[in-house]
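J.: These are the residues of each chain, in order.
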Amino acid sequence: MDSNLKDHAGPLLANLERRLFLRRGLSLGALSLLSGCELTDALTYDERVQRLLTAMSKWNDGAQAWLFDPKRLAPEFPESMITNPFPFNAYYGEDEIRLVDAAGYKLEISGLVREKRAWGLPELYALPEVSQVTRHICVEGWSAIGKWSGVRFSDFLQRIGADLSARYVGFKCADDYYTSIDMATALHPQTQLSFKYAGETLPPKYGFPMKLRIPTKLGFKNPKHIVAIFVSNENPGGYWEDKGYNWFSGS
Amino acid sequence: MAADTVKVHSLLVRITHWINALAILVMVLSGWKIYNAAPLFDFSFPESWTLGGWLGGALQWHFAAMWLLALNGMIYLAYGFFSGHLWRRMFPITTGAMLRDVLNAMRGRLAHDDLSVYNAAQKAAYLGVILLAVGLILSGLAIWKPVQLYWLASLMGDYEGARLLHFFCMSGIVLFVLVHVAMVILVPKTFLTMITGRLKNG
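Protein chains in written order, with this note's numbering: chain H, 115 to 365; chain E, 4 to 205.
To be clear, the hints were calculated from the coordinates, so they are not data collected in a lab. Keep in mind the model is a prediction, meaning the values are calculated, not measured. Glycine residues also receive a C-beta, built at the ideal position from the N, C-alpha and C atoms. Among the hints, a few may not be true.
[To be verified] Straight-line Cα separation of at most 27 Å, BS3-like style, residue types lysine-lysine; simulated pairs:
id : chain 1 : residue 1 : chain 2 : residue 2
1  : H       : K319      : H       : K220
2  : E       : K148      : H       : K357
3  : H       : K310      : H       : K220
4  : H       : K185      : H       : K172
5  : H       : K310      : H       : K261
6  : E       : K203      : E       : K10
7  : E       : K148      : H       : K185
8  : H       : K261      : E       : K192
9  : E       : K10       : E       : K126
10 : H       : K220      : H       : K172
11 : E       : K203      : E       : K148
12 : E       : K148      : H       : K172
[Said to hold, decoys possible] What the simulated footprint calls covered on chain H by chain E, stretch by stretch (three residues with Cβ under 8 Å from a Cβ of chain E suffice, anywhere in the stretch; the number is not a length):
id : region
13 : 158-168
14 : 211-222
15 : 273-285
So that you can see chain H by itself, here it is in the shape it has in the complex:
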């Protein structure tokens, strides 16, 4: 796979998402009418409201995929603007941070990829390194600027022979967290499989041995302690997404 494909896959995928969004938009009205008939007395008022809100959130996924420009870069900042200390955040407290053993670590690869072999840390560390100083925006509203280094995720996807026309990339983490992203975002030039924070090996609290840094998505879409990556055409959902956070959550 050469870099030509990568350059073209992004816009093509964005176009695909756009078409899907328009089609979904047209069918949404008909769909809500249909579901209105089918529910009658089976659902409580609250359940109906929740259905409507969930449908709107799905529609917003499409709206955001449509707005997403695969070439637009997130702003980068001078290192003097880095937030110190960079906040820790997870679905658990700082005293429960998972410690991943570096020696026994293997990154599992599965799904729509050519080379499904697992990767050890030394070979991951040997991949070409890029750095970024970008703003991490939390779904809660706060933001912090940090510096991450690692391999460009689109480079990694090409190395493993991922099907770049597939729709989703999913992640499983050592702390039982999981999430997934759209392929257009996975191929964005700033989406990075990060092994370092502020020039040092990623410490456990920031996701040792690696996190996926996505400056075009909210913080909870940036998985830490990744142990498995898979490519799929079925939306794998996510820890917070399955509880109700918007799936696309793009910035």
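Given chain H, work out where chain E should sit, using these hints.
T.: Chain E alone, transformed into the frame defined by chain H:
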């Protein structure tokens, strides 16, 4: 129309007014829940005044009602521009007239003989709240899409600046709603007029 009634509000103005009232209520109550997740200042909103149950629920309400608010607002503004409603009702307005009417209102001496003609204090308040709503929606877009709409966010001092602006526009609108509702309580016939569109003479 019967001879003894005058038309004050068109059907479109009445419909968009009430849809807007609902959208603003949902946006403000869910917005307070979102604010509480990471307060900008040294206070939080009482949880019982919020909508959504938890942050994820509040975000679902906020990002659903934003379409209602924006589409309804655009319909109102398009009507206001092209029908001449905005120009007729809101202009002319002068600073002197505005100060005079605001002072009169505070002394309880504001005349409300003809509800279809706004006094200068009303003109200023309604124009002001339209500007606040535009600021609220633009800063909200900048918070929602600080990368895709970076040009918009950068006008407001980037993401954190847009958050502040969003908060202050919300505060302005809430202040407007408080005064607006107080005025309706003082002059109750205006409430029915916003439903029927008409007002009995005399």
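J.: Work down the list of hints and note, for each, if the structure agrees.
T.: Each hint, compared with the structure:
1. K319(H) with K220(H): Holds: K319(H) and K220(H) sit about 19 Å apart, inside 27 Å.
2. K148(E) with K357(H): At roughly 22 Å apart (the allowed maximum being 27 Å), K357(H) and K148(E) satisfy the hint.
3. K310(H) with K220(H): holds (18 Å)
4. K185(H) with K172(H): holds (24 Å)
5. K310(H) with K261(H): Holds: K310(H) and K261(H) sit about 8 Å apart, inside 27 Å.
6. K203(E) with K10(E): holds (9 Å)
7. K148(E) with K185(H): Between K148(E) and K185(H) the Cα gap is close to 15 Å, so the pair holds against 27 Å.
8. K261(H) with K192(E): Roughly 61 Å between the alpha carbons, so the hint for K261(H) and K192(E) is violated.
9. K10(E) with K126(E): holds (19 Å)
10. K220(H) with K172(H): violated (34 Å)
11. K203(E) with K148(E): Between K203(E) and K148(E) the Cα gap is close to 48 Å, so the pair fails against 27 Å, i.e. violated.
12. K148(E) with K172(H): Roughly 17 Å separates the two Cα atoms, so the pair holds.
13. 158-168: holds (count 3)
14. 211-222: It is violated: at least three residues are needed, and the region 211-222 of chain H offers just 0 whose Cβ sits closer than 8 Å to chain E.
15. 273-285: violated (count 0)
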